[in-house]
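2 protein chains.
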Amino acid sequence: MDRLEQIRATILAEVSRLPPERVPVAAAAGRWLAAPVRAARAAPPQTCSAMDGYAVRAGDVAGTVSLPVAMTVYAGDPPPPPLAPGEAARVYTGATLPPGADSVVREELVREEGGRAAFSRTALAGENVRRAGEDVPEGGEALPAGVRLGARQLALCAAVEAGEVEVVRRPRVALISTGDEVAGGRTPDSNGPALAAALAAAGMVPERRAVGDEVEAVAAALARGLEGADAVVTIGGVSVGARDQVPAAVERLGGDVRVHGVPMKPGKPFLFARVGGKPVLGLPGSPSACLVAFEVLARPALLKMAGAARLLRRRVPLPLAEPVEGRPGRARFLWARLEEDGQVRPVGHDAAQVKGPALADALLYLPEGTGAVERGRPVEAWLLEDDA
Amino acid sequence: MDRLEQIRATILAEVSRLPPERVPVAAAAGRWLAAPVRAARAAPPQTCSAMDGYAVRAGDVAGTVSLPVAMTVYAGDPPPPPLAPGEAARVYTGATLPPGADSVVREELVREEGGRAAFSRTALAGENVRRAGEDVPEGGEALPAGVRLGARQLALCAAVEAGEVEVVRRPRVALISTGDEVAGGRTPDSNGPALAAALAAAGMVPERRAVGDEVEAVAAALARGLEGADAVVTIGGVSVGARDQVPAAVERLGGDVRVHGVPMKPGKPFLFARVGGKPVLGLPGSPSACLVAFEVLARPALLKMAGAARLLRRRVPLPLAEPVEGRPGRARFLWARLEEDGQVRPVGHDAAQVKGPALADALLYLPEGTGAVERGRPVEAWLLEDDA
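Protein chains in written order, with numbering that gives the first Met the number 0: chain A, 0 to 387; chain B, 0 to 387.
Hints listed in this document are in silico derivations from the structure and should not be mistaken for laboratory results.
C-beta atoms are modelled at their ideal positions from N, C-alpha and C, and glycine is treated no differently.
Keep in mind that a hint or two might mislead.
[Unchecked claim] Stretch by stretch, here's where chain B covers chain A in the computed footprint (C-beta under 8 Å, at least three residues):
(1) 285-297
(2) 311-321
(3) 367-373
[What the hints assert, rightly or not] Not the full set, but computed from the structure, chain B residues with beta-carbon under 7 Å of chain A:
(4) Ala69
(5) Leu153
(6) Arg185
(7) Leu311
(8) Val315
(9) Lys354
(10) Trp381
Just chain A, with the same shape it has in the complex:
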């Protein structure tokens, strides 16, 4: 573990998952599971056909034979009667298999005429059959805790008839933009709306405030934020400038600064503190630095509170479309575009850029100690999603 990863581990050790609550599946989209979802009903619920075809006892179809078609079963029909030896059943995809049948021969391999099915080859036991509970047995675990309920997870919850699920309470996050230039309206606050959208996309509840550079005012905003929220994210006021008042405000409230300054570029001034038992995540005010520090350090901590099992973005090594260079003594992050050929190309290097992040769909990570990396060599790409 390098220094940056150690710092992240320190922060993660200081935050805990919020309490669970039970909600109907219909209201659970975008939430994280606090406990596994168990199957109230097996998936599939009955042994059924995986194909349009003919259900048989496999032993009855050795080579080319012809069997009488005793019944037809569609998906959704009531349970069919047993299949007598020496008979076939016409079945469609999803149809419950008649008791006794153990194989489905695809319709392309069967010729039906005059109520009889002529098979052109030997049937194999189990082929084209989906056994009851094959996906998930009744009472079995459908999904583990820590998974987010997106579209495909909601499909599984519906299939196993999970009426309610146990999810983690949504974190309420006070989001405080600091600085006279922002509070006074001279500079547009670009970080505040961005982080509010990012928190909402991650299933959290942001509560925005803006405050100037006075340490009393910052302390008061922090105190108000801490009252109602589970965590506070501040923007600006954390570097070494004489007007950087977030550390002073934390101390004024009797809080404890655990991390201040991180060996990374951009995002170096990041601060982590605890005040009144709650976490305070201090992001730098430069737009790119703010967004990088959020991705690398703040978002994982908030996702842990939200109950997520995976705290970092999906990461894959991807080849560089142009050479890049690490920075001595710290990790470096670069916003990048994923190109058609699967290469990644950096867009904008400067800490204050707002255009680079907006055009990026990945964040490249050059760990501390990385020197020059040639074109075509792989680097770790953190894959950003479309909506945050």
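Use these hints to put chain B onto chain A, whose structure you have.
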């Protein structure tokens, strides 16, 4: 272009982007831009310091020199007076540079004492300076049409003071689950809630209905769906089974089936039709097939209507954690997990599985004609997002 890509191109050629509307940036999260965002204000608005340090005229600092510190400028301060030749200004990150200054020397390289700044090396013109409009000049294009407004894009809109943006109207999508087994409640409808969540996550407005297997009822549901919606997505009733009534319902309404059956597995029975000038996207009812056909053919068409420039998921070649095999005469898609080492491992092959898709974070694409692919070889992975 192989057969599957040709079919997708046929479908895409049949759908058009919906009309644009102007909305305030604050209400535009998750929407697609119908027109570029132009900068009402340059980013950055003034030439400013990229560092905490000392602003100088570069020509004044050749080697080790000492200059009087004439002023201090913080981010957000009113515009400072000009810097006289032979003077330095103490500046903090984001501070407007005094006219005349063209270089900022990092504070680590300067010793300030008794109102004078002692420089330890030559200053370079332009270093640590962010020129006004460097990110986006006033009136310049901040974001192109077709981009989705997520967190980082909203930051850029705020920075350039785009008060309103032109976005595409959200597609209203009628989502019709067909089949007696679903409408009658004997089988839980797992596809309906999943696709409703997927459409909502993609910024669309789903309107759910359920209907049985009678062709009149399916036609009536289609007609009602077409009245209020921009497109219809049906689930089930599109394969060759005798009860598969979607194609018959389309014809009963005077519609035109353009695609029925696609060389892919799963998802083969997919149907595309036009009825009354609107697109109908018919998905198979087997859960995995339904979700694959949605990803591969329906979602791109709906995203085109929504105004997205990128219609397919982000795709990267990733190495296989275990061998896979293509299917003769058709493309194959496999749900897969991204492993810690960047490899992809298939989870569940069967068309009807609901557990595989729920555990997947990628969809692997083996184009038609792909044979056996060994462990460690790259395959095209479509990267799924967390919330859909």
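Which constraints among the numbered hints does this structure fail? Numbers only, ascending. 3, 4, 7, 10
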